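Chains as they are written, first to last, in the working numbering: chain A, 4 to 295; chain B, 34 to 321; chain C, 31 to 388.
Hint data in this document are derived by calculation from the structure and do not stem from the laboratory. None of the values given here were measured: they were computed from a predicted structure. Glycine included, each C-beta is placed from N, C-alpha and C at the ideal position.
With beta-carbon atoms standing in for the labels, derived distance ranges:
1. Lys340(C) x Leu115(B): 51 to 61 Å
2. Leu76(A) x Thr89(B): 46 to 56 Å
3. Glu175(A) x Asp209(B): 19 to 29 Å
4. Glu312(C) x Thr89(B): 11 to 21 Å
5. Arg227(B) x Asp87(A): 22 to 32 Å
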Amino acid sequence: MEYLIHLTILFAIYGILGLSLNLVVGYTGLLSVTHAAFYGIGAYATAILLTSFGVNFFVSVLAAIIVSAVIALLIGLILSKFDDDYYALASFGFNIIIFSVFLNWQELTRGPLGIPGIGKPSFGISNFQFLISNNLEFLILALLFLGLIYFTSRFIVNSSFGRILKAIREDEKAIQIFGYNTLYYKLAIFVISAAMASVAGSLFASYITFIDPSSFWLMESIFILAIVILGGLSNLKGSLLGALFLILLPEALRFVGMPNDIAAQMRQVIYGVILILLMLYRPQGLAGEYKI
Amino acid sequence: MDILPQLILNSVIAGAIYALVALGFNLIYGATKFFNMTHGVIAVIGAYAFLFFGKTLGLNLFLSVFIGVATAAIAGYGLDKLIYLPLRKRKASNMALLIASLGAFTALQAIIAILFTSQFQTLWRNYSTQKIYEIYGGVITQTQLIILISGILITAALVLSLKYTLFGKMVRAVSDDEEAAKIIGINTNKIISRVFIIGSAIAGLAGILIGFDTGIEPTMGMSLLLKGVIVSVIGGVGNIYGGFLGAFLLGFAENFGIWKISGEWKDAIAFALLIIFLLFRPRGIMKK
Amino acid sequence: MKKIIVGIVVVILIVVGVSYFGKNSSQPTAKESIKIGVILPLSGTAALIGEAAKNSAILAKESFGKTKNTYELIFEDDQIDSKKTVLAFRKLVDMNNIKAVITGFSGPGNAIAPLAEKEHVIHFSIGSTDTTIPKNKKFVFSHWLLPEKQAEVYIKEAKIRGLKKIAMIVVNQQGTIATREALLKEDPTIFILKNDTISPEERDFRTIITKAKNEKADALMLLILPGQLTSTVKQIKDLGITVPLTSAGSIEHEKEAVSLLEGQWYVNPGGPSDTFVEKYKEKYGNLPQIGSGNVYDVINILISSFEKSKGVENVVNIISEIKDFPGVMGVLDMDSEGIISGTAIVKKIINGKFVEVK
Numbered sequence: 004m005e006y007l008i009h010l011t012i013l014f015a016i017y018g019i020l021g022l023s024l025n026l027v028v029g030y031t032g033l034l035s036v037t038h039a040a041f042y043g044i045g046a047y048a049t050a051i052l053l054t055s056f057g058v059n060f061f062v063s064v065l066a067a068i069i070v071s072a073v074i075a076l077l078i079g080l081i082l083s084k085f086d087d088d089y090y091a092l093a094s095f096g097f098n099i100i101i102f103s104v105f106l107n108w109q110e111l112t113r114g115p116l117g118i119p120g121i122g123k124p125s126f127g128i129s130n131f132q133f134l135i136s137n138n139l140e141f142l143i144l145a146l147l148f149l150g151l152i153y154f155t156s157r158f159i160v161n162s163s164f165g166r167i168l169k170a171i172r173e174d175e176k177a178i179q180i181f182g183y184n185t186l187y188y189k190l191a192i193f194v195i196s197a198a199m200a201s202v203a204g205s206l207f208a209s210y211i212t213f214i215d216p217s218s219f220w221l222m223e224s225i226f227i228l229a230i231v232i233l234g235g236l237s238n239l240k241g242s243l244l245g246a247l248f249l250i251l252l253p254e255a256l257r258f259v260g261m262p263n264d265i266a267a268q269m270r271q272v273i274y275g276v277i278l279i280l281l282m283l284y285r286p287q288g289l290a291g292e293y294k295i
Numbered sequence: 034m035d036i037l038p039q040l041i042l043n044s045v046i047a048g049a050i051y052a053l054v055a056l057g058f059n060l061i062y063g064a065t066k067f068f069n070m071t072h073g074v075i076a077v078i079g080a081y082a083f084l085f086f087g088k089t090l091g092l093n094l095f096l097s098v099f100i101g102v103a104t105a106a107i108a109g110y111g112l113d114k115l116i117y118l119p120l121r122k123r124k125a126s127n128m129a130l131l132i133a134s135l136g137a138f139t140a141l142q143a144i145i146a147i148l149f150t151s152q153f154q155t156l157w158r159n160y161s162t163q164k165i166y167e168i169y170g171g172v173i174t175q176t177q178l179i180i181l182i183s184g185i186l187i188t189a190a191l192v193l194s195l196k197y198t199l200f201g202k203m204v205r206a207v208s209d210d211e212e213a214a215k216i217i218g219i220n221t222n223k224i225i226s227r228v229f230i231i232g233s234a235i236a237g238l239a240g241i242l243i244g245f246d247t248g249i250e251p252t253m254g255m256s257l258l259l260k261g262v263i264v265s266v267i268g269g270v271g272n273i274y275g276g277f278l279g280a281f282l283l284g285f286a287e288n289f290g291i292w293k294i295s296g297e298w299k300d301a302i303a304f305a306l307l308i309i310f311l312l313f314r315p316r317g318i319m320k321k
Numbered sequence: 031m032k033k034i035i036v037g038i039v040v041v042i043l044i045v046v047g048v049s050y051f052g053k054n055s056s057q058p059t060a061k062e063s064i065k066i067g068v069i070l071p072l073s074g075t076a077a078l079i080g081e082a083a084k085n086s087a088i089l090a091k092e093s094f095g096k097t098k099n100t101y102e103l104i105f106e107d108d109q110i111d112s113k114k115t116v117l118a119f120r121k122l123v124d125m126n127n128i129k130a131v132i133t134g135f136s137g138p139g140n141a142i143a144p145l146a147e148k149e150h151v152i153h154f155s156i157g158s159t160d161t162t163i164p165k166n167k168k169f170v171f172s173h174w175l176l177p178e179k180q181a182e183v184y185i186k187e188a189k190i191r192g193l194k195k196i197a198m199i200v201v202n203q204q205g206t207i208a209t210r211e212a213l214l215k216e217d218p219t220i221f222i223l224k225n226d227t228i229s230p231e232e233r234d235f236r237t238i239i240t241k242a243k244n245e246k247a248d249a250l251m252l253l254i255l256p257g258q259l260t261s262t263v264k265q266i267k268d269l270g271i272t273v274p275l276t277s278a279g280s281i282e283h284e285k286e287a288v289s290l291l292e293g294q295w296y297v298n299p300g301g302p303s304d305t306f307v308e309k310y311k312e313k314y315g316n317l318p319q320i321g322s323g324n325v326y327d328v329i330n331i332l333i334s335s336f337e338k339s340k341g342v343e344n345v346v347n348i349i350s351e352i353k354d355f356p357g358v359m360g361v362l363d364m365d366s367e368g369i370i371s372g373t374a375i376v377k378k379i380i381n382g383k384f385v386e387v388k
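Bound conformation, chain A alone:
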């Protein structure tokens, strides 16, 4: 049972990551491969605030959002100078630079030693204190956050703001002619998306109770991108499906019996082949709305 709870918590965290990235990649058409950086900033902010300063979890989530948003603003400004392939490449670069900071700025992050002993969320008013003490309670919290982010995303996407994003994806020049300042929109959604990713990071830090730089490497950004694409671009439910699929797949493979010494590598092979097959035969992703 704990196993399933654990899987669902991971689903919630990656669901948030997938949804937030979809807003940027699927709806606005910006191929950002740096999402793990904001995920990491959220995680580290919460980790540091909880372990060194005893700050309340929810306060740390807010603080993390602010830090992520500011950094996203800077990065977003620089990225806005690029289009298409170069955008992806530059975002790659930022992910690696931020990862380098996590790894090497040892005074702040303890580098490869990581930060252990991160506490669980608690909240209270005067005498009433509620501490999340078991995984089921954490799951409920995580699902609440997921729901919050999902409905926020839906609101954004269905609003006129969202329509402009889609227009930017289809043809940026055309909409600029109509007088829209596309830079503002692209920047705004990038920052919002980063803030959401940072929430996922805060949840992650508190759940696993230990973080180190290796969780926020480039491959993590690519994994989140894969969730979005597999789920179906510009389809919110698709991102949730994508997260579900990519989390369950390695687990399902775990139960497929394979000779001991090559089992782990075989799973990687199967994982890679499935990605290829999906691209070949179902490129519109699981939810199938926007073909890439």
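Starting from the known structure of chain A, arrange chains B and C on it as the hints suggest.
For chains B and C alone, coordinates are given in the frame of chain A:
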């Protein structure tokens, strides 16, 4: 050993390695316009093919190199035919190609680990047979010299053939505008297929030479690829000559950079350079 | 769209179904088999260490001999990613009902320790010098040389040999950094390049070696990872450096490097014993890696303890009182913090063999 000449040589050696990896990558990018994430692992395939034939089976050195390069070329050709071509036919976007190449990279790397184990292995049989040369007070090994010379020769060959041969002109036509090339009657898929073969062969050679210089493990493909990508952008993606120069620029920036700053920021330097170039000189150091 | 939803639901049902039936079916196959979970990096960049550790675990179980109970080792891959380790742990506890678990490195160790303590699963952490892992936890133990011990032995030997200016070549990883810190604490004056580190992915050490030569170091100290040793040593030789190459814990990684290191001295955890190395080489054709000996010992400790008593609570007490246990890493004693720290010894490579220097 004098310091400055050695630093310069270190930079040149690093640059030569990056150049070899970037050459094939650039060529393929120029023709297909997508970032082929399998490029690194193709180099690794070449290296391991050499390991098997040259070291395990003990075949003749040159024959083994040939087999290694050929294996890499075949791998690249296979990937194109089985995966990238069908995707291109369907007008799939670059994102789809990127994800597919990512899947291929993951699978291939794991297959190599299954076949050859994850252990670190060397390609040379005996360290003492390696020659070392002294140049102006700095040291360079025979393998490194070969890497440098190969890089120069291959770059020259590519640049010349792109400019003067019919094949080269067709490749450039496809690079500039695939649709237009099709219209004037070029069989673009066949050209791209050939480009994959050549690009992958160069990658295979790079893998073998790097294996001789440093040694091999199944997971070495990713970092090779990343450096190749940076170099390509600095040089101007698709620009062969630019990539060659960009490689040395990166080599110098990294080695002189960490002379002053601490060694751990090497990767950050590389990617900061990437972003600076993207910002101020997106076409690369060469004016196309 | 509907088809896809149905597809996903089917997948979920399969996973849930398999897990439910898997749990029940694991009972009849082994009537009272004691299951030990081993979570290692079996793919990814550290696969060479994980693979070797797995091989050693299998070797340990096979070599143990006749036992009252049947034991089963279940391996899971975590790629040193703590969230994957937690996933694997959950699966092992819920589906396989493990009584004990072994993890590798700090991240996984740190992530699992509180969970194991809560679930009353015996947890042995390998490959981490982080003492917070077993600290104040009854069920969590560590079998890894403490960097302080290694530092003490190293500095003593360095002084005996009259070294005054040792250049450090250090990789940015938990274990090597902890070793460096212990060395600097023991004697900060004897080292240079104290703050320079290298990325774990790096294979080009030429410039940092050039830096060391520039500073006129009288010896080099390598604190690097498996996969980097041969490259580093080769580059050092290529650059014509003749001063001693020493290390604390990084020398025995790769057989390719051995011939290049003839005559060099270094400090290593005592062990693994020659008999173990020979046995490993005979079965697997390769040298074991760092940590292989430790995993071998842990399996032995677990099996012998479970032979004495089946209840986990009793076994924990047995393990926490281990004294003079014959392990391949030497004679093992458990200290009050739950750590088997072992001893550090000075070794030299003589005629291609790792020989202890008395």
